[in-house]
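**Q** Spelled out from the first residue to the last, the chains are:
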Amino acid sequence: MTEEKQVGREVRKLVINVGPQHPSTHGPMDLIVTVEGETIVDVDVVLGYIHRGIEKLCELRNYFQIPTYLNRLCYVSGMFWEYGFVKAVEEIMDAKVPERGEWLRVIACELTRIASHLIWFSAFTADVGLMTLFPWGLRDRDRIIDLLEMMSGQRMTFGYFRVGGVRYDLPTNFDVYAEKAINYVEKHLEEYEKVIYNNPVFLARTVDICPVPASKAIDLGWTGPMLRASGVKRDLRRDEPYAAYEFLDFEIPVGKKGDTYDRVYVRLEEIKQSINIVRQALKRIPSGPYQTRSLLYPPPGIGYGWVEDSRGECGYMVVSDGTPKPYRVKIRSPAYIHVMSIPNVIKGSKIADLYAILGSFDPCLGEIDR
Amino acid sequence: MSEQLNKLKEILPYAEIYKIYKNKYYAKIPKDKWHDAARRLKEAGYVLLSAVTAVDRLNSMEVMFICRRLEANGLVIVGTLIDRNDPRIPSLVSVWEGAHFHERETFDLMGVYFEGNPDLRRILLPPHWVGHPLRKDYKW
Amino acid sequence: MVAGASTYDFERLGVLPRNSPRQCDLMIITGPISHRLAPVVKTLYEQMAEPRYVISYGECSICGGPWKGMYSIVDGVDQVIPVDVYVPGCPPRPEALIEAIIKLEEKIKKGELRRNFLPKTGYPEVKEDWRV
Chain A
1 MTEEKQVGRE VRKLVINVGP QHPSTHGPMD LIVTVEGETI VDVDVVLGYI
51 HRGIEKLCEL RNYFQIPTYL NRLCYVSGMF WEYGFVKAVE EIMDAKVPER
101 GEWLRVIACE LTRIASHLIW FSAFTADVGL MTLFPWGLRD RDRIIDLLEM
151 MSGQRMTFGY FRVGGVRYDL PTNFDVYAEK AINYVEKHLE EYEKVIYNNP
201 VFLARTVDIC PVPASKAIDL GWTGPMLRAS GVKRDLRRDE PYAAYEFLDF
251 EIPVGKKGDT YDRVYVRLEE IKQSINIVRQ ALKRIPSGPY QTRSLLYPPP
301 GIGYGWVEDS RGECGYMVVS DGTPKPYRVK IRSPAYIHVM SIPNVIKGSK
351 IADLYAILGS FDPCLGEIDR
Chain B
1 MSEQLNKLKE ILPYAEIYKI YKNKYYAKIP KDKWHDAARR LKEAGYVLLS
51 AVTAVDRLNS MEVMFICRRL EANGLVIVGT LIDRNDPRIP SLVSVWEGAH
101 FHERETFDLM GVYFEGNPDL RRILLPPHWV GHPLRKDYKW
Chain C
1 MVAGASTYDF ERLGVLPRNS PRQCDLMIIT GPISHRLAPV VKTLYEQMAE
51 PRYVISYGEC SICGGPWKGM YSIVDGVDQV IPVDVYVPGC PPRPEALIEA
101 IIKLEEKIKK GELRRNFLPK TGYPEVKEDW RV
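From first to last, the protein sequence lines stand for chains A, B and C.
Using the working numbering, read the first sequence as starting at 1 and increasing by one per residue.
Using the working numbering, read the second sequence as starting at 1 and increasing by one per residue.
Using the working numbering, read the third sequence as starting at 1 and increasing by one per residue.
Hints in this document: simulated from the structure, not taken from any laboratory.
Each residue gets a CB set at the ideal place from its N, CA and C atoms; glycine is no exception.
Careful, some of the hints might be misleading.
[What the hints assert, rightly or not] Beyond 12 Å from chain B on every Cβ pair, some chain C residues (computed): (1) S20; (2) G69; (3) A96.
[As the list claims (entries may be wrong)] With the Cβ distance kept under 10 Å, some of the chain A side facing chain C (calculated, not the full set): (4) I32; (5) E36; (6) R52; (7) K257.
[Unchecked claim] DEER-style ranges, computed between Cβ atoms: (8) C:T7 <-> A:K194: 41 to 51 Å; (9) B:R88 <-> A:K194: 38 to 48 Å; (10) A:P171 <-> C:R12: 26 to 36 Å; (11) A:P200 <-> B:P90: 29 to 39 Å; (12) A:P299 <-> C:E11: 51 to 61 Å; (13) B:R88 <-> A:K283: 34 to 44 Å.
Please model the complete structure; the sequences and the hints are all you need to start from.
**A** Following this line, the structure appears as structure tokens:
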């Protein structure tokens with residue numbers, strides 16, 4: 001901001017195209033950045049490079065075939081995206097899920113949350129410059145993905161959720177393998193905290209960078225860890241408990257200022273809370289059936305089902321008309337809102353901080369473009 | 001909860017309110033009260049906007065927005081019917097800043113024109129695309 | 001991305017990720033190609049210097065995958081650029097990528113790559129008896 005006042009030096013606006021193919025592996029997204037000197041003046045977000053038309057595809061397939069497509073929306077946190085749709089359909093049909101099914105859903109969701117936050121961690125630290133932590137995060141995520149493969153048969157695009165329960169039961173001795181994997185992750189989590197929180201380079205790159213006050217975050221429609229980092233304590237698992245969350249004991253980490261450091265802190269603390277939840281659930285899971293027969297297709301009506309995704313509120317509005325195919329499915333993606341609100345919050349930051357800020361927003365291009 | 005139902009009847013006296021599930025309601029309002037309903041809901045505590053979207057009913061277009069409360073639980077879907085051949089409706093950007101992104105996507109995929117939106121252009125499809133894919137009569 | 005990490009390391013085969021297409025020999029295409037992305041892929045392919053190879057990873061870039069026939073998807077990346085190795089699966093495991101790289105190296109040693117589909121871009125002509 002002082003550059004314009006320097007005598008004898010003119011500053012012109014420069015438009016930089018941070019193009020669709022860039023080395024940090026978020027996906028193809030185009031940012032057209034207008035810079036004056038070193039300060040960002042305007043950003044235009046260009047999306048649509050992997051727009052697949054999933055909302056239109058949902059009108060052409062029936063209710064059994066759709067969850068298979070939906071976990072490819074955000075492929076790093078696939079379980080949540082199936083769960084939202086199944087929840088919306090169950091609300092229209094008023095279907096009941098047996099107890100063991102609910103607890104299995106909790107275990108699947110929390111393991112996916114740990115995996116999603118670990119891959120965010122790898123990508124973010126690679127953006128900030130700590131290249132060594134990139135394979136560390138992926139190494140830990142591989143152990144969690146092995147557990148999810150034991151549960152559902154697939155590493156990334158699980159077809160695990162059904163209307164009325166889940167598809168498979170836990171294999172034998174699952175809690176032995178789970179305990180080993182979770183201890184492995186927890187041990188390394190302490191190491192990550194030591195590396196990050198005492199590192200002056202990391203602190204200089206994240207503290208007080210792009211702070212967002214709570215009122216602005218609410219007005220823009222943020223949800224999830226981004227809203228909690230600005231100080232608003234809202235979490236669907238605590239406010240309107242679904243699945244088996246009302247029987248579980250966990251805390252909700254909240255930040256203070258809403259800058260990049262707070263967003264990193266909230267996500268790392270959430271990994272710890274998820275580990276806690278999985279341990280409790282594995283001890284207390286009841287035995288019994290895990291799936292019920294439900295109607296083939298719901299009666300006419302509207303349902304809005306949303307779950308607390310690792311990025312925010314992942315919601316599905318399903319409009320059904322009594323035929324085996326839905327009439328309209330609206331997919332509400334949290335990362336779309338966060339990434340599209342970059343122009344509203346980034347004015348005044350420096351161009352060198354662009355990737356750190358973008359990384360802390362946790363974009364996943366599959367769900368943004370749908 | 002019926003206390004949310006009573007509260008909604010106070011906030012929107014001109015709406016017909018149906019219940020979807022436990023504390024989710026659907027309110028049907030006349031077309032010219034669109035901006036007014038949004039403003040009243042925001043002042044009454046429904047500050048979190050979830051989505052602004054549209055459904056193609058074949059002889060009209062139904063536009064709806066979904067908002068939630070912050071201090072307590074509760075969700076309301078507010079819907080209205082507009083003309084399908086010339087779909088125009090006032091924009092909600094002056095009420096919630098985050099409505100801008102939803103309206104751009106609805107314009108792109110459904111063709112609903114929001115008056116008052118500062119920058120209404122296509123976002124998910126290339127700028128030279130012709131047609132609005134999510135309409136029921138779209139052929140490709 | 002996971003194939004480059006520590007569990008399925010592909011750096012032991014001699015694969016190193018680089019930031020610029022001018023320095024690369026191999027392009028791996030994962031995921032569906034939309035009408036907006038197809039000119040970008042073509043530009044990147046033309047920026048790579050000879051000899052250059054392409055691996056098409058996953059069903060979406062082989063034939064369009066689960067999204068075949070949708071309004072915004074190109075059915076397969078081989079309608080845009082020539083492809084040397086196809087890796088099927090949805091999604092394929094990281095071990096499949098390692099096998100694809102090994103197969104590509106064998107193909108290069110035997111000299112079996114298709115050279116008659118090269119786009120005419122002004123690069124020097126490749127002779128028929130060229131061996132690695």
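**Q** The structure should be examined with respect to each hint, and the outcome stated for every one.
**A** Each hint tested on the structure:
no., hint, verdict
1, S20, "holds, 26 Å"
2, G69, "violated, 9 Å"
3, A96, "holds, 31 Å"
4, I32, "violated, 15 Å"
5, E36, "violated, 26 Å"
6, R52, "holds, 5 Å"
7, K257, "violated, 32 Å"
8, C:T7 <-> A:K194: 41 to 51 Å, "violated, 23 Å"
9, B:R88 <-> A:K194: 38 to 48 Å, "violated, 58 Å"
10, A:P171 <-> C:R12: 26 to 36 Å, "holds, 32 Å"
11, A:P200 <-> B:P90: 29 to 39 Å, "violated, 51 Å"
12, A:P299 <-> C:E11: 51 to 61 Å, "holds, 56 Å"
13, B:R88 <-> A:K283: 34 to 44 Å, "violated, 58 Å"
Going through the hint list in order, the structure does not satisfy hints 2, 4, 5, 7, 8, 9, 11 and 13.
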